[in-house]
Amino acid sequence: RIMRPDDANIAGNVHGGTILKMIEEAGAIISTRHCNSQTGEPCVAALARVERTDFLSPMCIGEVANVSAEITYTSRHSVEVQVNVMSENILTGAKKVTNKATLWYVPLSLKNVNKVLEVPPIQYARKEQEDEGKKRYEEQKLDRLETKQRNGDMIFPVINPEPHTVGYSQSSLIHLVGPSDCTLLGFVHGGVTMKLMDEVAGIVAARHCKTNIVTASVDAINFHEKIKKGSVITISGRMTFTSNKSMEIEVFVDADPFVDEPRERYRAVSAFFTYVSLSKEGKPLPVPQLLTETEDEKRRFEEGKGRYLQTKAKRQAQMQQVARQ
Amino acid sequence: RIMRPDDANIAGNVHGGTILKMIEEAGAIISTRHCNSQTGEPCVAALARVERTDFLSPMCIGEVANVSAEITYTSRHSVEVQVNVMSENILTGAKKVTNKATLWYVPLSLKNVNKVLEVPPIQYARKEQEDEGKKRYEEQKLDRLETKQRNGDMIFPVINPEPHTVGYSQSSLIHLVGPSDCTLLGFVHGGVTMKLMDEVAGIVAARHCKTNIVTASVDAINFHEKIKKGSVITISGRMTFTSNKSMEIEVFVDADPFVDEPRERYRAVSAFFTYVSLSKEGKPLPVPQLLTETEDEKRRFEEGKGRYLQTKAKRQAQMQQVARQ
Amino acid sequence: RIMRPDDANIAGNVHGGTILKMIEEAGAIISTRHCNSQTGEPCVAALARVERTDFLSPMCIGEVANVSAEITYTSRHSVEVQVNVMSENILTGAKKVTNKATLWYVPLSLKNVNKVLEVPPIQYARKEQEDEGKKRYEEQKLDRLETKQRNGDMIFPVINPEPHTVGYSQSSLIHLVGPSDCTLLGFVHGGVTMKLMDEVAGIVAARHCKTNIVTASVDAINFHEKIKKGSVITISGRMTFTSNKSMEIEVFVDADPFVDEPRERYRAVSAFFTYVSLSKEGKPLPVPQLLTETEDEKRRFEEGKGRYLQTKAKRQAQMQQVARQ
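Chains as they are written, first to last, in the UniProt record's numbering: chain A, 1 to 325; chain B, 1 to 325; chain C, 1 to 325.
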């Protein structure tokens, strides 16, 4: 579809959140179609996890987004989908890869939303494809378990008038879940949640560096708990780390199912977003260093640095591998 | 994309206007891409006309709309695009043709919006395809001229408390044209206009028969004048004719460019929509007869009857042709 | 959240209606949460009234709106919520108070929508807070009764080609109530209604003075009747009074529950909006005087003048009080 002014920031760059939402919609369609391809209980595919994704080049207003999706692995109860997004300038004909994402879906029965159904297996062209898929499946399963345990953390409102501190840029947003946000089962689309997360992360980043910012990457996101129609969700973001030219923001999504059921507020999703600051010519700008004050802030900064160095090392290894070929 | 509650009426049937908007977006993308495929002045394709289209089967919430577009003819200054819409139930895998539409676009220069550029010619597989296209081109050109002359008519507000009169169901809607409604040139997308026209026509139809109604077909629509960002548009609809099971509604779009320029209100578009009334089981219901009072109303009723009988005759001829093959 | 192009007019000022909608959403969330805080029947808080609110400074595209809400009084069956909106320019860090609003909500049972539930009482820091709240409660109750009686008036369509007459700028808009407009109970959100009212009032104001206009204030709005999903609502506005630099517009909301039930059209809401006209530099411009023709128009002009002078006197008294302190 054509990118509109509402999909973009004031500099004309399309929000990462808009792209994440399109990716998720494509993934949901292909995996729901696959899981219903054999006769059996009708089901809807629910997003369980998005792997880390990099935004390779910014998309602009007026460009057309081409989204393609393919199922690359199936386990007994889950589907791995690879989604590619290309931006096309229909005036010049130029096409660029915007990003590639890997998503995991789980089929939930339409009749009983707590029942996970079995996934029809796909055929692999080569045996290695199945083996590699299985490896990816095991890895993400482990990672899901880990984040689930980490999830006790909370973002408390702090107001700090001192620029470049954590409290200064920290932000949160509440959203009442309406019918358009939901699947046939009455639960929030993963893509809607990701779009809101990107919006909060973007506000934190802009408050910190007061320039035009764009999403550079999103770490793996795990969707631990469903969010029901009518819930109020609170999306909070705080900066955890800055390198010379990037900022890492941690985002939490907490749901409050206050009307229907007497359940406590719970953590539904959490993730790390990385932003860069861009000049008017689209060149990366230096980012002011984050001022950490408390012990927790210092610890999170070190952890963020660890993730940053790890990603950097991985990318260098990949580039060497490409160069060697 | 997946049809959401917002795309549909309370009975779950997707609004014809939502489908028309998707069709136009697909047409605009393919024709803008084509017109920029040769080096030259960059341009944006603007909708000039939509041929009569029938809604063959209703689409429902949760279904996926598959839209495909193909360029079928080019004249010196215009492009004919054929768009097909299929609805797919991703739970059952069932696919149905929802409708087929033919649209005409004209390339306008990005630098000078009043300049119509030349269209790169397409290659035809067979010579007959070019000849048939040329015939369609000449026909639509004639029809465009005719409606332009007819366009002096106005809908004056009438309130008539008597059910089933023209004044009783007559409705109008004003809309302030925002940035998301517009192309890169700052003019309203034809699809946005058609969606609003369908909204007004639907309200007229529902007021008349007080049941669940759906769009059955739209007569050829000519876009005589562009509508600029910031304009206020008034969309008015009145019922012109009822048969046993259908209603014809005439819709006018008038633009008021009140902020920027001292220009008068002008007629931008006009069209006829046909609606049917459906029972809860999706069966067509009888429609109360329209009560005409003034001479003009009686004349329009007769003209509507003429169009109705003509369409009916054409459809029977087509069916006999199909039967004979 | 960040203000987008669609939230604003072409001059970049955010529509008052967008702000009213955010205010109402915050109020609905906090009061629904409060009313469900004690075990008992689950309920949804419905907007009963908004007190007069002034728009102190315009908000622009790209700014972040910070909305905070607090419960300030509870009667047996209603909740008073105070909502503050601040606009924050995240590039410069500048913050400004945009407006403060007081809203009244009533908890309706989720099981039986016609049953008003009891509100858990709040604790007051000081006895005077409770007394002042009670006074406000009694005052608004009286005013609600009064407007209910006044509500027989209608706006009939008039077309007057003469600029600056009442008939010239008079406008109306119809809207089909969709799922996204509604609460869990299936009734229109008060905020959605207010946004549409502001849209009509803004079109009336722009038609009258043909310049860039912004909402300056909204008089107290009473929500007398609920509006059900699937209804068609007609929002009509007419200018009632102009001072040198402001325009007062009266807006009516009438609902037509045409599909479900054989009920007559009824008046759901009415209110007065005040607009000012701004130059490109954001300075107030003189407003052309309203030309009144009929006796009714002259009477309404005098009534509007009364409201205008009363508000002016109140504001001067407040300023003197502030100066004296």
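Please note: incorrect hints may appear among the correct ones.
Unchecked claim - Below, computed lysine-lysine pairings styled on DSS-like, alpha-carbon distance capped at 30 angstroms:
1. Lys141/A with Lys312/A
2. Lys229/B with Lys195/C
3. Lys95/C with Lys305/C
4. Lys280/C with Lys226/B
5. Lys111/C with Lys280/B
What the hints contain is simulated information worked out from the structure, not anything from laboratory work.
Checked hints:
Distance restraint check for Lys141/A and Lys312/A: the Cα-Cα separation of roughly 24 angstroms lies within the 30 angstroms cut-off, and the hinted pair is therefore satisfied. Among the hinted pairs, Lys229/B with Lys195/C is consistent with the structure: their alpha-carbon atoms are about 20 angstroms apart, no more than 30 angstroms. Simply put, Lys95/C and Lys305/C have alpha-carbon atoms about 34 angstroms apart, too far for the 30 angstroms limit, and the pair is violated. For a cut-off of 30 angstroms, the pair hint linking Lys280/C to Lys226/B stands: about 26 angstroms separates their Cα positions.
Restraint check: the Cα-Cα separation between Lys111/C and Lys280/B comes to about 25 angstroms, which is no more than 30 angstroms; the hinted pair holds.
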